[in-house]
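*Asks:* Each chain, written out:
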Amino acid sequence: MSGAGAADVLVCGVGITPFGRSEATGLDLAAQAVRTALADAGVPWPRVRAAFGGSDAAGNADTLVTRLGLTGIPFVNVRNGCATGGSALVSAVNAIRSGAADVALAVGFDKHPRGAFDPRPADWGLDEAYGAEGLMVTTQFFAMKIQRYMHDHGITARTLALVAEKAYANGARSPHAWRREPLDADAILASGMVNDPLTRYMFCSPGQGAVALVLCARSVARELPAADPVALRAAVVRSRRFGSFEVFSPWAPGGIPTSVSADAAGAAFEEAGIGPDDIDVCQLQDTESGAEVMHLAECGFCEHGEQERLIAAGATAIGGALPVNTDGGCIANGEPIGASGLRQVHEIVQQLRGRAGDHQVPGGPRTGFTHVYGAPGVSACTVLTR
Amino acid sequence: MSGAGAADVLVCGVGITPFGRSEATGLDLAAQAVRTALADAGVPWPRVRAAFGGSDAAGNADTLVTRLGLTGIPFVNVRNGCATGGSALVSAVNAIRSGAADVALAVGFDKHPRGAFDPRPADWGLDEAYGAEGLMVTTQFFAMKIQRYMHDHGITARTLALVAEKAYANGARSPHAWRREPLDADAILASGMVNDPLTRYMFCSPGQGAVALVLCARSVARELPAADPVALRAAVVRSRRFGSFEVFSPWAPGGIPTSVSADAAGAAFEEAGIGPDDIDVCQLQDTESGAEVMHLAECGFCEHGEQERLIAAGATAIGGALPVNTDGGCIANGEPIGASGLRQVHEIVQQLRGRAGDHQVPGGPRTGFTHVYGAPGVSACTVLTR
Amino acid sequence: MEGALTAVSAPALRGSRCPRCEVAVYPADPACPNCGGPAAPVRLSGTGTLWTWTVQRYAPKSPPYETPEDGFRPFVVGYVELPEGLRILAVLDGVRPEGVRIGMRVTLAAGAGVPHARPAGVTV
Amino acid sequence: MEGALTAVSAPALRGSRCPRCEVAVYPADPACPNCGGPAAPVRLSGTGTLWTWTVQRYAPKSPPYETPEDGFRPFVVGYVELPEGLRILAVLDGVRPEGVRIGMRVTLAAGAGVPHARPAGVTV
Ligand SMILES: [Zn+2]
Ligand SMILES: [Zn+2]
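Chains as they are written, first to last, in our numbering: chain L, 873 to 1258; chain W, 873 to 1258; chain C, 199 to 322; chain Y, 199 to 322.
Be a bit skeptical, because a hint or two may be false.
Not the full set, but computed from the structure, chain L residues with beta-carbon under 8 Å of chain C [claimed, not checked]:
hint : residue
1    : Pro993
2    : Tyr1002
3    : Gly1006
4    : Met1008
5    : Val1009
6    : Gln1012
7    : Met1016
8    : Gln1019
9    : Arg1020
10   : His1023
11   : Gly1026
12   : Asn1067
13   : Ser1121
14   : Pro1125
15   : Gly1126
Hints were generated in silico from the structure; no laboratory data involved. Keep in mind that this is a model prediction, so the values were computed, not measured. Built from N, CA and C at the ideal position, the CB exists for glycine as well.
All chains, full assembly: derive it from the sequences and hints.
*Replies:* So this is what it looks like as structure tokens:
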């Protein structure tokens, strides 16, 4: 809640799998990511005192104990859609700060079939007609949200294309990315309208992947000679307040919509004791191009409407003033729901360590921020510092 | 981990629904239990800072925010089979002890169709033949575990029947119980063999129900005039170590099986700083009669084999030296997986408050213990004191 | 036919409204989603303005989508803001994508399925 | 036919064994579940003792159970402890429930489905 003790949790090890498609199961990927993270931290599995993890559609994380070793560890499965990774991370942080564990694991993974995410009206409390008449389409919601935002704040379609262009450019430089071919803004604009104003190549796709983080109390981190730790200064999850605009809503309240992303980001900055102006590199939920544009302002990195100028000027590129989604984000990596939020943390850790390779932000970034947003109005944010 | 701060988490409010069958959905039941718990604590919903909950088969707990109010609360869904309630509780305790929240909710609920729990061989990593030839039957496992235990420790079938007789007697005195008709040991023995040595009325059934707990830091509890708090001295979840004997295993290691229940109970007692001899009333996982017999010893309340004498002497009855499953346990309440573990905590809280009504343990019990065990080798235990 | 007249003759959407915080909701909900208090049924206005929109350019996945017998055709969908202070998700008929503008006046009516809207002043 | 001879002629179960911690496993697993190290394939003994048992008195739910064409009949199931130090889940044929005893010697063989055991010294 307060900043007290906030610097006491360190990310000592990170592990990620390739996010492109393969024959591996989600649990195979998860085990691989955990082993990589343990090796990165120099921590053997039996030293881990608590584990938290989950997937949306690829099985229960706690079954990993049969692969990692039956050490008796408490392993809590979490399942919060896009905030699954964030929930695992917050739970792991709480376990360390409470004294319940001095070494904790957070793992997120998923593997979705092509064109996944079949919503059923009843699961959302909706009349069957919403499905039958074609209104249960997530891409429609994203399109309608950015459509209004463009109208209110003077954002153009070219800016949306530039966001995707940057994503593919960064993906081409990231070994774990799924989409590794650069694509220019004109090709993105010409890729076929899906839901106006969003075209095909402005969207991410359901995918696969796994990410694991080994978190330690500072006292333990000191004793790990091989570790290259980064401080996790804040990890926050929030759910929507009344007045937000969400997917699959037959109605929405009037006025300016509330933003769970703004709430979560604000809480994370308060916990960390620093603000958006202090951040050197960030990862923002980019389910599609419009989301990245809106989340830049919702998370406090610019005023509404400023994105039009900032993005055109390259401010969000790897060499810019505020590099965003430096590993290509969801657009280039796909979105395995359970893994996506921890992929962002992985990327920030590697950036702050100076180990991001071809997509390293120059100048030695020392602070980073991550943000996920998902249905039905959940957001998870972190602040990390070197 | 240590006892430091262990007394700082108080259960200030509890809520339970009837465990018998009704038309209500699992989420209806969950909302009802939460409202009851909030009223019991005298805490309004917006005052709750973090929530943890789950069900095995009745939906995502976080969707409760649409019924309880869109306050922006972080609401983590947990899903750990029989340890779902325990995982929610441990996570809530960590949130309080870490300082992330000073008021936290734990909620567990479920609603299973009649004769639920259809296992699929592939989900358990088993060849299809195990299903096709009839070896994927959970009751077989329970029968084989107690069969060996009876052989090793001189437990008789009559003792198994006496455990169930007590469960129905206690259920008859518990308003929320599902089975409220007393049944004597002879009727239980004659109720038809299911898997030798276990007869029909020695088993619990899949059911429905919800339980919610409002947990507070001590500083908050002081300011709640209406609350009647009980200290949660320990809440522990453990997974199996190598060598345990578990359901759906094509093989098991030799030697004396390890016990995750013994591990979790031992850790809970260590955290609480008291031992089994100090406990006045306890709730033990009783998926069937044999489980209660074995868990008495595994959790440290007697030596292996002593149960034969203790149970015949009425030691585990409400008026006995160590009352066990005073609300009728799983046998009389059924087993809605996500709710079962928190039902035990609810029962201990009411016992320590002296508010258990017709099934109140006489003499003012001041210490209580709860224990759940479930597939595939998970156990959650708590220690509560007045 | 004139828009206001259409609104009178077409079946109104039935929502609910909280007397305490004045939040109106569609479809009707006995509990106010803002304060949790009891809400009363209300007939919603039949005319409003288009708050946002998009075009469904591809056939949604079936199920849940039921492809019409004569095949899929792109359609416009949007949120219509009503004077009661809420926005209603509706299919927008009677206008081509090029003609859709945020802020345009539309009429909104209940029918067999989801709400349907059309530009005010445009008859069938 | 004598038990030991049966064990020789019946197909042996194929498991694996960890050279480091000597844990034997069935079915074979390339990784040792105890230490995580590599395990080598091993042919398991065909004779052991019954560690525990029960009777499946009712027809399991279908699916996954496939009811035999001539209908369900109760059967005995148990764990057979082998000299390699592991216990194998098997259907126990050739004995009535009244005749089953913990500790009895049984032979164990692989077949098309799950392992099947029968009292040692009893022929088909
Ligand atoms: Zn209201
Ligand atoms: Zn080994």
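*Asks:* For each hint, tell me whether it holds in the structure or not.
*Replies:* Hint check:
1. A distance limit of 8 Å between C-beta atoms decides the matter here; for Pro993 (chain L) the minimum to chain C is near 6 Å, and the interface restraint holds.
2. The criterion of a C-beta within 8 Å of any C-beta in chain C is met by Tyr1002 (chain L), whose closest approach is roughly 6 Å, and the hint holds.
3. Satisfaction of the interface hint for Gly1006 (chain L) is found here, the shortest Cβ-Cβ separation to chain C being roughly 4 Å, below the 8 Å cut-off.
4. Restraint check, Met1008 (chain L) versus chain C: the minimum CB separation of about 6 Å is within 8 Å; hint holds.
5. The criterion of a C-beta within 8 Å of any C-beta in chain C is met by Val1009 (chain L), whose closest approach is roughly 5 Å, and the hint holds.
6. Given hint, Gln1012 (chain L) at the interface with chain C, holds; its Cβ is 6 Å from that chain's nearest Cβ, closer than 8 Å.
7. Given hint, Met1016 (chain L) at the interface with chain C, holds; its Cβ is 4 Å from that chain's nearest Cβ, closer than 8 Å.
8. Using the Cβ-Cβ criterion of 8 Å, the hint placing Gln1019 (chain L) at the interface with chain C is satisfied: the shortest such distance is roughly 5 Å.
9. For Arg1020 (chain L), the interface hint holds, the least distance from its beta-carbon to any beta-carbon of chain C being 4 Å, beneath 8 Å.
10. Satisfaction of the interface hint for His1023 (chain L) is found here, the shortest Cβ-Cβ separation to chain C being roughly 5 Å, below the 8 Å cut-off.
11. This hint is violated: Gly1026 (chain L) has a C-beta 13 Å from the nearest C-beta of chain C, more than the 8 Å allowed.
12. Taking 8 Å as the C-beta cut-off, the interface hint given for Asn1067 (chain L) holds, the closest approach to chain C being about 4 Å.
13. The beta carbon of Ser1121 (chain L) is positioned within 8 Å of a beta carbon in chain C (closest approach about 7 Å), and the interface hint is therefore held.
14. Evaluation of the Pro1125 (chain L) hint against chain C yields a held restraint, the C-beta minimum of about 6 Å falling below 8 Å.
15. Given hint, Gly1126 (chain L) at the interface with chain C, holds; its Cβ is 4 Å from that chain's nearest Cβ, closer than 8 Å.
Violated hint: 11 only; the structure is consistent with all others.
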